[in-house]
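Modelling step: build the complete structure from the supplied sequences, incorporating the hints.
Going down the list, the protein sequences come from chains R and B. Residue numbers for the first sequence follow full-length UniProt numbering, so the first one is 1 and each next one is one higher. Residue numbers for the second sequence follow full-length UniProt numbering, so the first one is 1 and each next one is one higher.
No lab work stands behind these hints, which were simulated from the structure alone. Be careful, since some hints might not be right.
Unchecked claim - Cβ-Cβ distance ranges computed for the label pairs, FRET-style: (1) Arg18/B / Ala186/R: 48 to 58 Å; (2) Leu54/R / Gly102/B: 20 to 30 Å; (3) Ala100/B / Gly22/R: 28 to 38 Å.
What the hints assert, rightly or not - Here chain R is said to cover these stretches of chain B; the calculated rule only asks that three of the stretch's residues, wherever they fall, bring their Cβ under 8 Å from a Cβ of chain R: (4) 66 to 74; (5) 81 to 91; (6) 115 to 126; (7) 210 to 222; (8) 247 to 256.
What the hints assert, rightly or not - A few chain R residues that don't get close to chain B, going by computed Cβ distances all over 12 Å: (9) Thr12; (10) Ala17; (11) Thr19; (12) Ala25; (13) Gln132; (14) Asp133; (15) Val150; (16) Gly152; (17) Gln172; (18) Pro231.
From a predicted model like this one, the values you see are computed outputs, not experimental measurements. Backbone N, C-alpha and C define an ideal beta-carbon position, used for all residues, glycine too.
2 protein chains.
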Amino acid sequence: MPQTEPRSAFDTATAVARTEGGGLAAELDPGWDVGGGILNGGYLLSVAARAAVLESSHAHPVALSASYLHAAAAGPATLTVTPGPAGRTLAHSAVVLADAAGPAVTVQATTATLTADAASFSSPMPAATPVQDCVSIAENAHLAPSSVSVPGLTERVDVRLDPLTAGWALGQPAEEPMMRAWLRFADGREPDPLALVTFADALPPTSWAVGLFGWAPTVQLQVLVRALPAPGWCLVEARAGEIAGGWLDEDYRIWDSTGRLVAQSRQLARAPRT
Amino acid sequence: MPQTEPRSAFDTATAVARTEGGGLAAELDPGWDVGGGILNGGYLLSVAARAAVLESSHAHPVALSASYLHAAAAGPATLTVTPGPAGRTLAHSAVVLADAAGPAVTVQATTATLTADAASFSSPMPAATPVQDCVSIAENAHLAPSSVSVPGLTERVDVRLDPLTAGWALGQPAEEPMMRAWLRFADGREPDPLALVTFADALPPTSWAVGLFGWAPTVQLQVLVRALPAPGWCLVEARAGEIAGGWLDEDYRIWDSTGRLVAQSRQLARAPRT
Numbered sequence: 001m002p003q004t005e006p007r008s009a010f011d012t013a014t015a016v017a018r019t020e021g022g023g024l025a026a027e028l029d030p031g032w033d034v035g036g037g038i039l040n041g042g043y044l045l046s047v048a049a050r051a052a053v054l055e056s057s058h059a060h061p062v063a064l065s066a067s068y069l070h071a072a073a074a075g076p077a078t079l080t081v082t083p084g085p086a087g088r089t090l091a092h093s094a095v096v097l098a099d100a101a102g103p104a105v106t107v108q109a110t111t112a113t114l115t116a117d118a119a120s121f122s123s124p125m126p127a128a129t130p131v132q133d134c135v136s137i138a139e140n141a142h143l144a145p146s147s148v149s150v151p152g153l154t155e156r157v158d159v160r161l162d163p164l165t166a167g168w169a170l171g172q173p174a175e176e177p178m179m180r181a182w183l184r185f186a187d188g189r190e191p192d193p194l195a196l197v198t199f200a201d202a203l204p205p206t207s208w209a210v211g212l213f214g215w216a217p218t219v220q221l222q223v224l225v226r227a228l229p230a231p232g233w234c235l236v237e238a239r240a241g242e243i244a245g246g247w248l249d250e251d252y253r254i255w256d257s258t259g260r261l262v263a264q265s266r267q268l269a270r271a272p273r274t
Numbered sequence: 001m002p003q004t005e006p007r008s009a010f011d012t013a014t015a016v017a018r019t020e021g022g023g024l025a026a027e028l029d030p031g032w033d034v035g036g037g038i039l040n041g042g043y044l045l046s047v048a049a050r051a052a053v054l055e056s057s058h059a060h061p062v063a064l065s066a067s068y069l070h071a072a073a074a075g076p077a078t079l080t081v082t083p084g085p086a087g088r089t090l091a092h093s094a095v096v097l098a099d100a101a102g103p104a105v106t107v108q109a110t111t112a113t114l115t116a117d118a119a120s121f122s123s124p125m126p127a128a129t130p131v132q133d134c135v136s137i138a139e140n141a142h143l144a145p146s147s148v149s150v151p152g153l154t155e156r157v158d159v160r161l162d163p164l165t166a167g168w169a170l171g172q173p174a175e176e177p178m179m180r181a182w183l184r185f186a187d188g189r190e191p192d193p194l195a196l197v198t199f200a201d202a203l204p205p206t207s208w209a210v211g212l213f214g215w216a217p218t219v220q221l222q223v224l225v226r227a228l229p230a231p232g233w234c235l236v237e238a239r240a241g242e243i244a245g246g247w248l249d250e251d252y253r254i255w256d257s258t259g260r261l262v263a264q265s266r267q268l269a270r271a272p273r274t
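If you want it as C-alpha cells, here you go:
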C-alpha cells in the first residue's frame, strides 16, 4: 500500500475546515508562538489567508492587510469571510479571525492567480553570507536575552541569521536596524504563497539589531506575495525605517532560492520600551 | 472685523460632516482626479482617515490599510466607521467609504496621538536636487504622454520632479523604477498627517520611470504616518520592487523639510499593459 505523506507542521497548524454549520474553523497551534504564549502574527495571517483562498475562485493571496486587535489565544478559532467584488483577475474579501474573546485579527484580502511569468523588473537579491556559514537561531537559543522565553516559532521556521547582521546576539548591536536571514520550514516543507505570509513576520524584532530588545507587538501588517517561490531557502531582509515615539516599522523583502523577489511586507509595531 | 482665513482646497475636498441621522458624509471633489475622472486613491484615503479620526479619541491616523473595490464616483459619499478596541495608546476602527454604487474603499484604521519626540533611528533623507531646480509637473503637463488627460491632482498638489529621476518625461526612461519629487499643496496649506496620506499616492505611477506608461489602478494601499511633519516642502521617494505578471508595487517614503522621515506607504497596483 502506498504510504500517505505526513502533512507538514505548517499545513496542520494552518488548516481551515468547514464546519457543519457552513462556517470555517481552525485550531490555533500553541507551538507557533513568539515567546510568552503569544502566537506569531505571520502565522495567524497565514490561517486567515487560507480561509480567504478557500472562499475565492483564485488560488493565491496577493495582498493581505491585517489589524491585530488582541493576542489570539491558542485553541479553537472561527474564520468569517465576507466576499467583496471578484473578477477574472482578482477577488477582494474581508476575513475575521476570532477566538473565544471575539475578533482578534481583521484582514483585507486580495486573492489572484500567480504565474511563473518572468519579471520585467525585480529588485536583485542583496549579497548575503551563504546559508552554511549563517547562525541558526534554534541552535543558539541560549544566546537570547535571558528575559526572553524560547519561541516555538524558532523550532518550526529554521532561521539562519547572516552573521554580518547578527552582532546584536553577541552584544555588539549595529547602527542600522537591519537583519538578513535564510528561512525554510524545519521539516523541509517547501515554500509557497501561504508560507511566505508567515515568513514575512518570522524574524526577531528588527529593533534588536540596534540593541533595543523586548517584544514589538504588531499593530498592522501588510503582506504582498509577488510570485510563486521556488523550492529551497528564502532570503529575508528586514529593515526599520524609523524607531520613534514608541513606534517601529518593519519592512521585509523576501527572495526565493533563484534570487527572485517573491514577497514584501511592512508592519507598524509598538517599539520595545528602552 | 477679523478676516476668516479661507479653508484650503484640501480641507474643503476632504471635509466629513455629521448628518442629521448621525452618520458621516462627504462630497467627493471631482478636482482630485488622476485623469479620466478617476479620483486619486490617496485623496479618498484622506477622506476615510478624517472620518476615522472624527470617531476616535486620538488625533492622528498612524496606520491605514485600504482595499479599492471600485473607482469611487465624485459627489456624495457616506462614511461608516465601526470602532474596534481602543485604549490610551491607540484605537482600531474599520471605515467604509461608499458612493451610490456601494462600498468603494474599505479601510482598516489605527489612530493614535503623534508627538514631536526625537527618533532613536530615522532613515536619512536621500540626496535630491534642490526644489528650485526641479521640474514642475503642472507647468509641464504638455510633456505627458498624449493618451493621458491632465489630472486635476497635479493642480492641487504641486509636484516638483527631481530631474535625475525624470528622464521618462523626456523620452529617456531609467533602468530602475524610482522617482523623487518635492511636494506641497498648491495653495500653500502646510502638511499634516492627513495631507501625508494623500502625498503617499500622489506621484505618477512608478512604472513610468522605466517607460511603462498608462494608469496603474491601486488594489491595496497601506500608509503609515510616523511623525508630525514640519511646514514646507516634503520629499517623496517612490520605488517599485517588482513589475511582473500584470502587477506592480509602489513603495513611498516621505521626509519633511527638516529631513525627518514622516510617512511610508506601499501599494499593490495593476501594472500598465505593455
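Here's how the hints hold up against the structure:
1. Range check, Arg18/B to Ala186/R: about 54 Å between beta-carbon atoms, so the 48 to 58 Å window is met.
2. Remark: the range hint 20 to 30 Å for Leu54/R to Gly102/B is upheld by a beta-carbon distance near 24 Å.
3. Checking the proposed 28 to 38 Å range against Ala100/B and Gly22/R shows it holds: the Cβ atoms sit about 32 Å from each other.
4. Counting residues of the region 66 to 74 of chain B whose beta carbon lies closer than 8 Å to any beta carbon of chain R gives 4, which meets the minimum of three for the stated coverage.
5. Counting residues of the region 81 to 91 of chain B whose beta carbon lies closer than 8 Å to any beta carbon of chain R gives 4, which reaches the threshold of three, so the coverage claim holds.
6. Restraint check on the region 115 to 126 of chain B versus chain R: 8 residues with Cβ-Cβ distances below 8 Å, three needed, restraint holds.
7. Against chain R, the region 210 to 222 of chain B contributes 5 residues with a C-beta closer than 8 Å to a partner C-beta. That satisfies the three-residue criterion, and the hint holds.
8. For the region 247 to 256 of chain B, the stated coverage by chain R holds: 4 residues have a C-beta nearer than 8 Å to a C-beta of that chain, and at least 3 were required.
9. Every C-beta of chain B lies more than 12 Å from that of Thr12/R, the closest at about 29 Å, which supports listing it as non-interface.
10. Every beta carbon of chain B lies more than 12 Å from that of Ala17/R, the smallest distance being close to 26 Å; the non-interface claim holds.
11. Non-interface status of Thr19/R relative to chain B is upheld: no Cβ of that chain comes within 12 Å, the nearest being about 25 Å off.
12. For Ala25/R, the condition that its CB be more than 12 Å from all CB atoms of chain B holds, with the nearest at approximately 22 Å.
13. At roughly 28 Å, the least C-beta separation between Gln132/R and chain B is larger than 12 Å, which holds for a residue marked as non-interface.
14. Non-interface status of Asp133/R relative to chain B is upheld: no Cβ of that chain comes within 12 Å, the nearest being about 27 Å off.
15. Once the 12 Å rule is applied to beta carbons, Val150/R is consistent with being away from chain B; the minimum gap is 27 Å.
16. With a least CB separation of 26 Å from chain B, Gly152/R remains clear of the 12 Å interface cut-off, as annotated.
17. With a minimum CB-CB distance of about 17 Å to chain B, Gln172/R clears the 12 Å threshold, and the non-interface call stands.
18. Its beta-carbon lying about 19 Å from the closest one in chain B, Pro231/R satisfies the requirement of being farther than 12 Å from that chain.
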